[in-house]
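Undergrad: Chain residues, written in single-letter form:
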Amino acid sequence: MDASAGIQIEGLSKRYGEGATAVDALREVNMSVAPGEVVGLIGPSGSGKTTLLKCLGAVIEPTRGRITLGGKVIYDNGWKISDLRVLRRDRIGFIFQAPYLIPFLDATDNVALLPMLAGRPNAEARARALELLQALDVAHRARAQPSELSGGEQQRVSIARALANRPPVILADEPTAPLDSERGLAVIRILNQLATQYQTAIIVVTHDENIIPTFRRIYNIRDGRTFEEVGEGRMLQ
Amino acid sequence: MISLAGRDILHSSSKFVLTGLGLGLLIGVTFTMAGVYRGMVDDAKVLLNNSGADLWVVQKDTLGPYAEPSSIHDDVYRGILGMPGVAQAANVTYLTMQVRKGDTDVRAMVVGFLPGEPGEPDYLIAGRRVTRSHYEAVADVSAAFAVGDRIRIRRHEYTVVGLTRRMVSSGGDPMVFIPLKDAQEAQFLKDNDAIVSERARTAANPALNRPGVPGLLDAIEATQTSNHNVNAVLVQVAEGRSPEAVAQEIRRWKHVQAYTREQMEDILIAKLIATAARQIGMFLVILTIVSAAIVAFIIYTMTLGKIREIAVLKLIGTHNRTIASMILQQALGLGLIGFAVGKIAATLWGPAFPRYVLLEPGDAVSGFVIVMLVCVLASTLAIRAALKVDPAAAIGG
Numbered sequence: 001m002d003a004s005a006g007i008q009i010e011g012l013s014k015r016y017g018e019g020a021t022a023v024d025a026l027r028e029v030n031m032s033v034a035p036g037e038v039v040g041l042i043g044p045s046g047s048g049k050t051t052l053l054k055c056l057g058a059v060i061e062p063t064r065g066r067i068t069l070g071g072k073v074i075y076d077n078g079w080k081i082s083d084l085r086v087l088r089r090d091r092i093g094f095i096f097q098a099p100y101l102i103p104f105l106d107a108t109d110n111v112a113l114l115p116m117l118a119g120r121p122n123a124e125a126r127a128r129a130l131e132l133l134q135a136l137d138v139a140h141r142a143r144a145q146p147s148e149l150s151g152g153e154q155q156r157v158s159i160a161r162a163l164a165n166r167p168p169v170i171l172a173d174e175p176t177a178p179l180d181s182e183r184g185l186a187v188i189r190i191l192n193q194l195a196t197q198y199q200t201a202i203i204v205v206t207h208d209e210n211i212i213p214t215f216r217r218i219y220n221i222r223d224g225r226t227f228e229e230v231g232e233g234r235m236l237q
Numbered sequence: 001m002i003s004l005a006g007r008d009i010l011h012s013s014s015k016f017v018l019t020g021l022g023l024g025l026l027i028g029v030t031f032t033m034a035g036v037y038r039g040m041v042d043d044a045k046v047l048l049n050n051s052g053a054d055l056w057v058v059q060k061d062t063l064g065p066y067a068e069p070s071s072i073h074d075d076v077y078r079g080i081l082g083m084p085g086v087a088q089a090a091n092v093t094y095l096t097m098q099v100r101k102g103d104t105d106v107r108a109m110v111v112g113f114l115p116g117e118p119g120e121p122d123y124l125i126a127g128r129r130v131t132r133s134h135y136e137a138v139a140d141v142s143a144a145f146a147v148g149d150r151i152r153i154r155r156h157e158y159t160v161v162g163l164t165r166r167m168v169s170s171g172g173d174p175m176v177f178i179p180l181k182d183a184q185e186a187q188f189l190k191d192n193d194a195i196v197s198e199r200a201r202t203a204a205n206p207a208l209n210r211p212g213v214p215g216l217l218d219a220i221e222a223t224q225t226s227n228h229n230v231n232a233v234l235v236q237v238a239e240g241r242s243p244e245a246v247a248q249e250i251r252r253w254k255h256v257q258a259y260t261r262e263q264m265e266d267i268l269i270a271k272l273i274a275t276a277a278r279q280i281g282m283f284l285v286i287l288t289i290v291s292a293a294i295v296a297f298i299i300y301t302m303t304l305g306k307i308r309e310i311a312v313l314k315l316i317g318t319h320n321r322t323i324a325s326m327i328l329q330q331a332l333g334l335g336l337i338g339f340a341v342g343k344i345a346a347t348l349w350g351p352a353f354p355r356y357v358l359l360e361p362g363d364a365v366s367g368f369v370i371v372m373l374v375c376v377l378a379s380t381l382a383i384r385a386a387l388k389v390d391p392a393a394a395i396g397g
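Heads up: the protein sequence lines correspond to chains A and B, in order.
Read left to right, the first sequence gives residues 1 to 237 (the numbering used here).
Read left to right, the second sequence gives residues 1 to 397 (the numbering used here).
Same shape as in the complex, but just chain A (with noise of 0.2 Å):
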């Protein structure tokens, strides 16, 4: 695997507190998710997943060891918050566990709202939110507004948005979380077809016994470690 791609983590640490008080999320967590891989990252509540999660989506800062990102390492030499907010903007693809889309922008500005933040003109950040929409099946709801959406059609737009930067980089947040199983193991097929596609590396924190079966690898978390396991990589059809 190409250290300088996909995603990296060796030793890192999360502790909340300090003294009597102190409680270590994450414990010298090691991970490493190649670019075009689709890994899952599964674990009971409590167990350290959404602190997982928020390390590597640059917004909280870990306690100690090393997270590279698409190549770049983050937190290192003193990172400012704007740099931050950059690398997520451009590196990193969020999917969460509902769609979160922006209310009062069209399925197309949604998408298009990450390259226009990026710099890009707006007819070029509509024509590739459109070239995505168009990839996720979703391109006839261009123009309607989110509520005007279905629940699939909406998850389908939120992945279209995370992918709008191009980033090597997408972290799912339970992305099937508020859809039937048919529709989650379809997110799911979406997302690896993509992976492949744009060789993004892709995190899917899931609880949906659903979808565990159709990863390659898998991490296990537990208080705050990670173990990983080798998954039953069912083909999606």
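In case anyone wonders, no lab produced these hints; they're calculated from the structure.
Just so you know, these numbers come straight off a predicted model, no measurement behind them.
Don't take every hint at face value.
[As the list claims (entries may be wrong)] Keeping only pairs whose Cα atoms sit at most 20 Å apart, straight-line, the calculated EDC-like set for lysine to aspartate or glutamate is:
| # | chain 1 | residue 1 | chain 2 | residue 2 |
| --- | --- | --- | --- | --- |
| 1 | B | K343 | B | D363 |
| 2 | B | K388 | A | D83 |
| 3 | B | K15 | A | E148 |
| 4 | A | K80 | A | E61 |
| 5 | B | K181 | B | D74 |
| 6 | A | K80 | B | D390 |
| 7 | B | K388 | A | E61 |
[Stated by the list, open to error] Footprint (simulated), chain A over chain B, 3 or more residues, beta carbon under 8 Å:
| # | region |
| --- | --- |
| 8 | 8-19 |
| 9 | 303-313 |
| 10 | 382-395 |
Heads up, the beta-carbon is just placed ideally off N, CA and C, and yes, glycines get one too.
Once you've looked at the hints, dock chain B against the given chain A.
TA: For chain B alone, coordinates are given in the frame of chain A:
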């Protein structure tokens, strides 16, 4: 880059417009209050302008004739006419009273004047000037009288022969102009019962009804039923003469008080309507604070309703500046709608007010600037809340 504020406003346009409408009505009330104050000041100036006088000669040690009662003999004007620098001088009376028309009565300031002299209404919007020496009147249109109407002032009936506009007292009461002699009678003459009673009392007084002095009682009674007082003498100074210099001469030699235009304006504006102005000023301050509180509350509530979206925006790399600008633009948009609604509302309902409401363009400009400043200040609370949103809130439960 698309306008996030503009899209949000369009998305919730009905909510935004209704809020703007409510705010606008409040701003309209604020404008109207300012307009009422301006109207009071303007009424005072118009009152002075329309009198056609350069000097007001009144009873010594009084602020008459508008602010305090003043009574001077009606022959004082002759002496004033003979003074250097005086071009014209005329007696006038002012009396605020109820004027009856049929079964209704209107509060009005009855002005007694001499035709062709200072004090006569300058222009008419309908009818003609007073030409007869008795029982004709010219009324301000705000009294709701029409030409040909019969009105009752004390014991006599008058025919309204002309109408004028913007001739009101400093209290906002419409003026009714009648011949001076009639006005003197209305103001100073006692009613019939009082005269009979007074005559009986005089006749019963042996000092005034002496058998050896025929005609004494008649002479005394005659003085009791006639009155030769007026409230003021309006003076026009000769061209090129200083009103202040002429006023000084009048004060010195005639033992009366003489006010120049500036002094009279000061009495009317600084003294007569000062309390009302302070009252309106307090209302303006309170209404501005209430408007600011409403804008702050609305923008803050709207922002709190978007906390999750703001967290997502921050997570995906939106600059704090962009989010702050979105909230600020929404506050300014609300202020803009509020200002437009307020200005239109004040313009529409202003004429329906019983007192003159003067909406000056300068006040509108100042109002616009204040509304926008209030909106900027009001949005700071919401901006603060938005900037405190942690992008991490978008991730996880």
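Undergrad: Now look at each hint and say whether the structure bears it out.
TA: Cross-check of the supplied hints:
1. B/K343 - B/D363: Given pair B/K343, B/D363 holds - Cα atoms ~10 Å apart, limit 20 Å.
2. B/K388 - A/D83: It holds: about 18 Å lies between the C-alpha atoms, which stays within 20 Å.
3. B/K15 - A/E148: At roughly 19 Å apart (the allowed maximum being 20 Å), A/E148 and B/K15 satisfy the hint.
4. A/K80 - A/E61: holds, 11 Å
5. B/K181 - B/D74: Status holds; Cα separation ~11 Å.
6. A/K80 - B/D390: With a Cα-Cα distance of about 16 Å, the restraint between A/K80 and B/D390 holds, given a limit of 20 Å.
7. B/K388 - A/E61: Given pair B/K388, A/E61 holds - Cα atoms ~17 Å apart, limit 20 Å.
8. 8-19: Coverage by chain A holds for the region 8-19 of chain B (4 residues, Cβ < 8 Å).
9. 303-313: holds (count 4)
10. 382-395: Coverage by chain A holds here, the residue count being 5 at a Cβ distance below 8 Å.
The structure shown violates none of the earlier numbered hints.
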